[in-house]
Amino acid sequence: QKEVEQNSGPLSVPEGAIASLNCTYSDRGSQSFFWYRQYSGKSPELIMFIYSNGDKEDGRFTAQLNKASQYVSLLIRDSQPSDSATYLCAVNTNTGNQFYFGTGTSLTVIP
Amino acid sequence: DAGVIQSPRHEVTEMGQEVTLRCKPISGHNSLFWYRQTMMRGLELLIYFNNNVPIDDSGMPEDRFSAKMPNASFSTLKIQPSEPRDSAVYFCASRFLQVANSPLHFGNGTRLTVT
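Listed in order, the protein sequences are those of chains Y and X.
In terms of my numbering, the first sequence opens at residue 5 and continues consecutively.
In terms of my numbering, the second sequence opens at residue 123 and continues consecutively.
Just chain Y, same shape as in the assembly (with noise of 0.2 angstroms):
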């Protein structure tokens, strides 16, 4: 099983819609979680991170951590072309200074 589990897509929604991305996670000990974007032939850049149960918002991201389900989300509004990109979940585990990664979810933002 892996630590950290993503649809990989593609996920395809019109210019204006709102983009769900989810995200589960095997380690129950998990303390912080992390959205990051990556544009084709780029690194990685952090959008937000989360690490109490509940919604955060930043702008027109909303992450979303549910501990007791071992689920988090990230909700797009307002998409724009610009948002389409591959979309990376990342755990910081229990046990130490561990970064697992999911293996992402490709968004297509349509105009």
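Warning: the hint list may mix true and false statements.
[Claimed, not checked] Below, a list of computed lysine-lysine pairs in the DSS-like style, where the Cα atoms sit at most 27 angstroms apart:
hint, chain 1, residue 1, chain 2, residue 2
1, X, Lys200, Y, Lys46
2, Y, Lys46, X, Lys190
3, X, Lys146, X, Lys200
4, Y, Lys71, Y, Lys60
5, X, Lys200, Y, Lys71
6, X, Lys190, X, Lys146
7, X, Lys200, X, Lys190
Keep in mind that the hints were calculated from the coordinates and are not lab data.
Fit chain X to the given chain Y structure using the hints.
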């Protein structure tokens, strides 16, 4: 802040040759990670260092791979001898170890092609 600096950006080499990838972490960061990314396997953690000490190298594929961090501002990943299946993008990332929820900051990566 210059960010994490990796060199070279691209490396093309022939099978059997030695390859050395370099990384300079963000100044003040004391935890450094090496990842490999391929389409098939995504981002794989190879090894990470805390305060220049290797903590977990269980992700290093085999003995052909080695990594060092001689000081807080420099790390190398060496592949000797290289093989075509080593072709991938190699990322270095750094963070503050002692700051809770400190994220990883990635370098621009080295695209390695072994022919």
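| task | Please work out if Lys200(X) and Lys190(X) have their alpha carbons no farther apart than 27 angstroms. | result | The hint holds at about 9 angstroms.
| message | Holds or violated: Lys146(X) and Lys200(X), Cα atoms, limit 27 angstroms. | response | Since the Cα atoms of Lys146(X) and Lys200(X) sit roughly 15 angstroms apart, the hinted pair holds (cutoff 27 angstroms).
| query | Is Lys200(X) within 27 angstroms of Lys71(Y), Cα to Cα? | reply | Since the Cα atoms of Lys200(X) and Lys71(Y) sit roughly 39 angstroms apart, the hinted pair is violated (cutoff 27 angstroms).
| said: Tell me if the straight-line CA distance from Lys46(Y) to Lys190(X) falls inside 27 angstroms. | reply: holds (25 angstroms)
| field | Hinted pair Lys190(X) and Lys146(X), Cα distance within 27 angstroms | value | holds (12 angstroms)
| Quick one, are Lys200(X) and Lys46(Y) close enough, alpha carbons at most 27 angstroms? | With a Cα-Cα distance of about 22 angstroms, the restraint between Lys200(X) and Lys46(Y) holds, given a limit of 27 angstroms.
| query | Regarding the pair Lys71(Y) and Lys60(Y), is the alpha-carbon distance no greater than 27 angstroms? | reply | holds (14 angstroms)
Hint check: a violation occurs at hint 5 only; the rest are consistent with the structure.
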